[in-house]
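J.: Sequence:
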Amino acid sequence: MTDNTSLDNDTIAAVATAAGRGGVGIVRLSGPAAKTVGEQITGISLIPRHAHYTPFRDSQKHSLDTGIALYFPGPNSFTGEDVVELQGHGGPIIMDLLVQSCLALGARMANPGEFSERAFLNGKLDLAQAEAIADLINSSTEQAARNAHRSLQGAFSRRIDKLVTAVIHLRIHVEAAIDFPEEEIDFLADGHVASQLQDLTIQLDGVLQEARQGSLLREGMKLVIAGKPNAGKSSLLNALSGQDTAIVTPVEGTTRDVLREHIQLDGMPLHIVDTAGLRDSTDAIEQEGIRRAWQEIGSADRVLLIVDASTSPDAGPDPWALWPEAREHLKADTPVTIIHNKCDLVGQPPELVRQQDTTIVRLCARSGDGVDILKQHLKESMGYQSGTGGSFSARRRHLLALQQALEFLREGQFQLEEAGAGELLAEDLRQCQAALGTITGTFTNDQLLGEIFSSFCIGK
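Its first residue numbered 1, the sequence shown is counted upward by one per residue in the UniProt record's numbering.
Incorrect hints may appear among the rest.
In silico BS3-like cross-links for lysine-lysine, where the CA-CA straight-line distance does not exceed 30 Å [stated by the list, open to error]: (1) Lys379 <-> Lys228; (2) Lys379 <-> Lys331; (3) Lys162 <-> Lys124; (4) Lys61 <-> Lys124; (5) Lys228 <-> Lys331; (6) Lys124 <-> Lys222; (7) Lys331 <-> Lys222; (8) Lys61 <-> Lys228; (9) Lys228 <-> Lys124.
Cβ-Cβ distance ranges computed for the label pairs, FRET-style [unchecked claim]: (10) Ala51 <-> His173: 30 to 38 Å; (11) Gln153 <-> Ile178: 35 to 43 Å; (12) Gly43 <-> Ser299: 14 to 22 Å; (13) Gln203 <-> Ala51: 28 to 36 Å; (14) Ala18 <-> Leu345: 24 to 32 Å; (15) Leu345 <-> Ala194: 52 to 60 Å; (16) Ser59 <-> Gly242: 51 to 59 Å; (17) Ile178 <-> Asp205: 20 to 28 Å; (18) Gly267 <-> Glu351: 48 to 56 Å; (19) Arg292 <-> Ala194: 43 to 51 Å; (20) Ala419 <-> Met109: 13 to 21 Å; (21) Leu103 <-> Leu424: 49 to 57 Å; (22) Leu400 <-> Thr66: 47 to 55 Å.
Think of the hints as simulated: they come from the structure by calculation, not from any bench. No residue lacks a Cβ here, since even glycine has one placed at the ideal position from N, Cα and C.
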């Protein structure tokens, strides 16, 4: 990360377009000397927001290329500083020569993400919007790109700002009652704070759920297929991926290692993991496969618990009854979908049913009957909406910050309801506000900024 004290003095330069050959390549300059360097390269006086078709020259005034020069004076630019873009032919040699000319004329090479970092530090973007730039560039699906663009436009930030405003208002009420007891503001008796706290908790939990969906769209859902040997796990992997990824035989324990397949469901990334059959075994190789299976299950975003309907036709909807040993390995909030495979052997039609808050999908993995029902269920669980529906993109760090903020709110509720401790509630609200502030950059530190912007492209 750049030292903030140098932002007003340094002028940076970098290629802003992708590496390789193309019809057009762009070199971007930002900083107080951007206009001077741009005018030395072009040999003309640059007019703000005007496209100049002009030769490009090196520091020795030798011609390099001919292209378009654009000048955006700060603060009305992407970075908030003076910015010049030199748009030439997109050959790597030409781009490198242009950058070298900029450096020879006083600019320095930009660090990864430094243009976006300067935009953030100059108040042109908040941190969530800056991250959305990288997410938009790195999007692997249409849905992820649309959500990243919404975050870049401020959809996610507005949700966070609304929560922060509500927390601040609540803090004012609570701290006023603490600091001015002579005013007799009894926030415990009137129920106003308790009601606001409950509403805020519900709102924050809703944003967290949306962020989880946004994170799945950005990073993909890790889907682990688990179950006993010969239940049809490998057949289901093949059916979902559309190819014979896994060996399928009538012999139990064929799959001894973890198999992975990456697919897209209507543009939504899905990382499928097939695991070894879960059973007691004395075979050392199979034991290692089972250990790895439990490891994958513990880190899953969703688990498909596959049951052989031909041998367990009366299997109920409770995954813990079917799978009691999973309690010590599965995260408490990991959703489980129960798959009744080989439903054709017991005369059941392919269908999705919901019983006791559990989703059951009946299908035949080998023939493919009912697999489309499962795919639709998986898309819906990832937040799929037809057309252009969606909300915003989110990263794992955003989820962590939202979870921390929610925990502080719930702790504050406990302090208010059980202990009547207004001072402790006020501190929990302060911590909640700080956690939310790390998302947009209101509360952050240099190390976090360095980690975020170092993952960007050089010219972004």
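J.: Each hint needs a verdict: does it hold in this structure or not?
T.: Here is how each hint holds up against the structure:
For a cut-off of 30 Å, the pair hint linking Lys379 to Lys228 stands: about 25 Å separates their Cα positions. With a C-alpha separation of about 21 Å, the suggested pair Lys379 and Lys331 falls inside the 30 Å cut-off, and the hint holds. Our distance criterion of 30 Å between C-alpha atoms is met by Lys162 and Lys124, whose separation comes to about 19 Å. With a CA separation close to 35 Å, the supplied pair Lys61 and Lys124 exceeds the 30 Å bound.
Taken as a hint, the Lys228 and Lys331 pair is honoured in the structure, with Cα atoms around 20 Å apart against an allowance of 30 Å. Taking the CA atoms of Lys124 and Lys222, the gap is about 35 Å. The hint is violated against a cut of 30 Å. Annotation: proposed proximity of Lys331 to Lys222 holds, straight-line Cα distance about 14 Å (limit 30 Å). This hinted pair does not check out: Lys61 and Lys228 have alpha carbons roughly 74 Å apart, beyond 30 Å.
Taking the CA atoms of Lys228 and Lys124, the gap is about 54 Å. The hint is violated against a cut of 30 Å. For Ala51 paired with His173, a C-beta distance near 54 Å fails the hint of 30 to 38 Å. Separated by about 39 Å at the C-beta atoms, Gln153 and Ile178 satisfy the suggested range of 35 to 43 Å. With their beta carbons about 58 Å apart, Gly43 and Ser299 fall outside the hinted range of 14 to 22 Å.
Take Gln203 and Ala51: their Cβ atoms lie about 46 Å apart, and the range 28 to 36 Å is violated. For Ala18 and Leu345, the hinted distance range of 24 to 32 Å is not satisfied, since their beta carbons lie about 53 Å from each other. Between Leu345 and Ala194 the CB atoms are about 56 Å apart, so this pair conforms to the stated range of 52 to 60 Å. As the Cβ distance of Ser59 to Gly242 is approximately 56 Å, the hint placing it in 51 to 59 Å holds.
Between Ile178 and Asp205 the beta carbons are some 27 Å apart, a value that agrees with the proposed interval 20 to 28 Å. Here the CB-CB span from Gly267 to Glu351 is close to 26 Å, at odds with the stated 48 to 56 Å. Judged by the Cβ atoms, the range 43 to 51 Å given for Arg292 and Ala194 holds: they are separated by roughly 47 Å. For Ala419 and Met109, the hinted distance range of 13 to 21 Å is not satisfied, since their beta carbons lie about 56 Å from each other.
The given range of 49 to 57 Å is respected by Leu103 and Leu424, whose C-beta atoms sit roughly 56 Å from each other. Here the CB-CB span from Leu400 to Thr66 is close to 50 Å, well matched to the stated 47 to 55 Å.
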